[in-house]
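Participant: So the chains spell out like this:
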Amino acid sequence: MIWNEEVECMSREDLEELQLKKLQDIVHRAYKNVPYYKQKFQEMNLTPEDIQSLEDIKKLPFTTKDDLRQVYPFGMFAVPGKEIIEIHTSSGTTGKPVVSGYTRKDLEIWSEVMARGLTMMGVNEEDIIQNTHGYGLFTGGFGVHYGAQKIGATVIPISTGQTRRQIEIMEDFGTTIMIFTPSYGLYLSEVAEEEGFDAKTSPLKAIGFGAEMWTGEMRNEIEKRFGANAFNIYGLTEIMGPGVAVECQKQQGLHIFEDHFFPEIIDPTTTEKLGEGDTGELVLTTLSRDGMPILRFRTKDITALRYDPCDCGRNLAKMDRITGRSDDMLKVRGVAVFPSQIEKALLKIDGVEPHYQIIVTRPNRLDELEVQVETSEELFSDEIKEMVAIKNKIESYIENEIGLRVHVNLVEPKSLPRSEGKAVRVFDKRDLH
Amino acid sequence: MKIKQISIFLENKKGRLWKALNTLAEGGINIRALSIADTSEFGILRLIVPEPDRAKKLLEENNFVVKTKDVVAVELSDQPGGLASVLKMLNDSDINLEYLYAFVHEKKDKAIVLLRTDNLDKLIDVLNQGKATMVPSSEVYAL
Chain H
2 MIWNEEVECM SREDLEELQL KKLQDIVHRA YKNVPYYKQK FQEMNLTPED IQSLEDIKKL
62 PFTTKDDLRQ VYPFGMFAVP GKEIIEIHTS SGTTGKPVVS GYTRKDLEIW SEVMARGLTM
122 MGVNEEDIIQ NTHGYGLFTG GFGVHYGAQK IGATVIPIST GQTRRQIEIM EDFGTTIMIF
182 TPSYGLYLSE VAEEEGFDAK TSPLKAIGFG AEMWTGEMRN EIEKRFGANA FNIYGLTEIM
242 GPGVAVECQK QQGLHIFEDH FFPEIIDPTT TEKLGEGDTG ELVLTTLSRD GMPILRFRTK
302 DITALRYDPC DCGRNLAKMD RITGRSDDML KVRGVAVFPS QIEKALLKID GVEPHYQIIV
362 TRPNRLDELE VQVETSEELF SDEIKEMVAI KNKIESYIEN EIGLRVHVNL VEPKSLPRSE
422 GKAVRVFDKR DLH
Chain F
22 MKIKQISIFL ENKKGRLWKA LNTLAEGGIN IRALSIADTS EFGILRLIVP EPDRAKKLLE
82 ENNFVVKTKD VVAVELSDQP GGLASVLKML NDSDINLEYL YAFVHEKKDK AIVLLRTDNL
142 DKLIDVLNQG KATMVPSSEV YAL
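Listed in order, the protein sequences are those of chains H and F. Residue 370 in this note's numbering sits at position 369 of the first sequence; the count goes up by one each step and never skips. Residue 146 in this note's numbering sits at position 125 of the second sequence; the count goes up by one each step and never skips.
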């Protein structure tokens with residue numbers, strides 16, 4: 002089923018026409034009502050009239066999380082306070098939280114996009130949705146809630162926690178849809194097993210999950226343990242909350258609700274706009290939001306966009322699963338590499354310590370990637386051929402993950418520096434000047 | 022007839038061999054036999070010491086990875102063909118050696134060779150049948 006066939010299956014031509022109209026409108030409103038944007042436009046000698054085509058979006062300034070923090074708490078609001086009827090914030094783990102204000106119309110849009118997303122996952126008014134996303138300042142709980150109510154499904158607003166109660170409710174209420182973060186889902190399945198509850202034989206038919214980075218292996222594991230397909234939900238407080246993009250039955254990436262959120266992919270280093278299928282940083286512009294219009298927000302999330310029509314019948318662009326953050330991206334021989342990918346490969350091998358270092362050099366005008374891995378007792382064999390085999394195995398696991406040949410160097414235990422806070426994994430020794 | 026050998030992982034980096042041996046020296050542990058297998062990036066130091074368990078603990082406390090494995094010591098007359106005669110027995114019985122190293126037993130004018138294979142029991146049988154002289158660990162440790 003498709004919730005809003007008119008928009009979701011609209012031809013690209015019609016969609017672009019709609020997007021341009023909305024873009025021009027939101028640029029006007031941002032300029033007129035948000036002093037922060039007005040000042041930025043003036044500094045850049047830009048007026049809202051300069052936006053004559055979708056291509057012109059390139060002329061607009063980027064908005065970063067730091068920009069939003071500077072105007073904390075209400076500096077991005079484009080309407081008088083009385084029109085804001087709900088406020089959420091980001092977690093604030095990396096500094097002052099970012100505040101997001103919603104008008105009544107904004108909440109309607111949020112409900113609409115989430116309703117479309119839940120419908121993609123197969124939700125209808127017969128369903129019972131157990132929403133384990135937290136209700137509170139975090140956008141997760143409410144976003145799913147609004148969408149579910151719009152559809153007319155039954156929501157159980159249980160939030161995260163009370164894990165045994167979650168299982169009891171799944172069992173007693175006959176939950177058909179679970180919403181969780183991947184890590185909480187895995188924990189839930191362990192507790193379910195302890196309690197003797199088998200989700201596979203329950204009426205559960207789909208899982209919506211997001212708010213965290215995950216791997217394909219993790220999805221397979223979740224689907225196996227719950228006996229239901231799991232669909233990716235993407236969103237962020239700065240833009241709206243969950244429901245910016247959701248995966249359809251094909252599970253081949255997430256459809257972006259492009260009539261409300263305009264996506265671009267840029268090279269995070271040069272900020273140059275990249276083409277279809279190229280991996281880079283996702284940039285989003287809100288096209289409809291009244292309470293807080295956001296222009297070209299740099300999400301720092303790394304993904305790629307695809308515009309070919311989907312077998313599900315929708316024409317909305319698709320984005321790949323988020324594979325990393327631009328904050329820790331490394332470009333090696335033109336290929337984007339994330340420490341998280343290397344870590345993922347290492348963790349697949351028994352006995353490999355999670356202590357590693359990535360060293361990039363450019364000895365002969367060609368980048369070389371060296372990964373130093375600490376040996377452990379389990380890994381160590383007193384035979385050279387075994388040690389070489391282990392080294393080769395680690396190299397091929399990493400190559401599979403990142404698509405580049407690396408050189409693995411086994412080092413002695415505890416020889417890599419330890420740090421108190423965030424570990425320093427990457428040493429870029431290239432002279433790039 | 023099995024003798025405990027300790028193997029230590031060494032990064033191919035200046036001072037690492039010294040650090041390992043110095044750790045043993047400070048612990049008052051004497052080395053009876055030693056061999057190093059190396060690649061361009063790392064090495065494996067194999068040692069026979071009188072107190073292998075204490076040596077392993079000591080090295081581990083100093084952040085070395087250490088493995089203990091059993092080897093067999095065979096005494097050879099220190100003359101041409103001594104080792105070849107032993108290797109012939111292994112060859113005839115299809116035993117594949119992982120590695121070996123030898124040292125000379127000064128007092129007795131004999132050579133001792135240490136042998137490692139993944140089936141030590143079979144190796145011991147073959148050596149017994151071939152009337153080779155195996156050296157017990159007590160004797161190797163006390164050399």
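These aren't lab readings, by the way, just hints derived from the structure by calculation. Do not rely on the hints blindly, as some may be mistaken.
To give an idea of the chain F side of the interface with chain H (calculated C-beta under 7 Å), a few residues [unchecked claim]:
(1) K23
(2) F30
(3) D115
(4) L118
(5) A123
Straight-line distance between alpha carbons at most 27 Å, and here's what the computed BS3-like set of lysine-lysine pairs gives [claimed, not checked]:
(6) H:K415 - F:K78
(7) F:K78 - H:K392
(8) H:K386 - F:K77
(9) H:K394 - H:K332
(10) F:K152 - H:K386
(11) F:K35 - H:K392
Every residue gets a Cβ at the ideal spot worked out from N, C-alpha and C, and that includes glycine.
Participant: Against this structure, judge whether each hint is valid.
Facilitator: Quick rundown of the hints versus the structure:
no.: 1; hint: K23; verdict: 15 Å, violated
no.: 2; hint: F30; verdict: 5 Å, holds
no.: 3; hint: D115; verdict: 19 Å, violated
no.: 4; hint: L118; verdict: 11 Å, violated
no.: 5; hint: A123; verdict: 18 Å, violated
no.: 6; hint: H:K415 - F:K78; verdict: 16 Å, holds
no.: 7; hint: F:K78 - H:K392; verdict: 26 Å, holds
no.: 8; hint: H:K386 - F:K77; verdict: 23 Å, holds
no.: 9; hint: H:K394 - H:K332; verdict: 23 Å, holds
no.: 10; hint: F:K152 - H:K386; verdict: 32 Å, violated
no.: 11; hint: F:K35 - H:K392; verdict: 21 Å, holds
Hints 1, 3, 4, 5, 10 from the earlier list are contradicted by this structure; the remaining hints agree with it.
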